[in-house]
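Residue numbering for the sequence shown follows the working numbering, beginning at 8 and increasing consecutively.
The set of hints was computed from the structure by calculation and includes no laboratory data. Heads up, some of the hints might be wrong.
To be verified - In silico SDA-like cross-links for lysine to any residue, where the CA-CA straight-line distance does not exceed 25 Å:
1) K49 - D33
2) K99 - K49
3) K42 - S130
4) K49 - P152
5) K42 - S79
Bear in mind that the values here come from a model prediction, so they are computed numbers and not experimental data.
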Amino acid sequence: MTTVAARFRTAVENRDLAALEALFTDDIRLYSPVKFRPFEGKPAVMGLFAVLLRTFEDFRYVGDFAGSSQTSVDDTTAPSSVLLFRATVNGKQIHGIDLLHHDEDATQNGRIKEITVMVRPQSAVQALGEAVLAGLVADGLVPTPADR
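Can you make the complete structure from the sequences, with help from the hints?
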């Protein structure tokens with residue numbers, strides 16, 4: 008496991024939002040299975056993580072892989088890590104991965120510039136989407152569905 012992935016894993020497992028924030032570039036993007044457009048920028052991604060960390064039950068990482076892959080924004084190849092996880096949301100078992108694209112810029116000190124999250128099965132994606140939307144609304148990060 009890369010150092011960046013290990014730091015991310017520790018921060019998530021400890022529900023340490025400050026450690027997560029220190030790992031992300033200012034222009035981080037997070038591609039979610041429950042939203043077509045990415046969450047963009049540190050404030051949006053941190054708001055999402057605040058919701059996720061209290062939404063997932065019995066969250067645990069169960070594996071990891073390291074390599075490289077293309078980013079979504081500019082198709083450049085970047086060092087990457089994949090962390091496999093299991094969790095429960097509203098009684099639904101979730102299997103998923105966090106694909107982390109590392110920033111190669113030495114001034115960024117090994118931070119994360121892009122995250123792609125994939126979740127299965129479809130019923131878990133639906134349960135996660137409903138729970139995340141409720142959390143984002145509760146935190147005032149998105150308008151209520153009636154206000155849209």
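Results for each hint:
1. K49 - D33: Roughly 5 Å between the alpha carbons, so the hint for K49 and D33 holds.
2. K99 - K49: 29 Å, violated
3. K42 - S130: Roughly 15 Å separates the two Cα atoms, so the pair holds.
4. K49 - P152: 24 Å, holds
5. K42 - S79: 15 Å, holds
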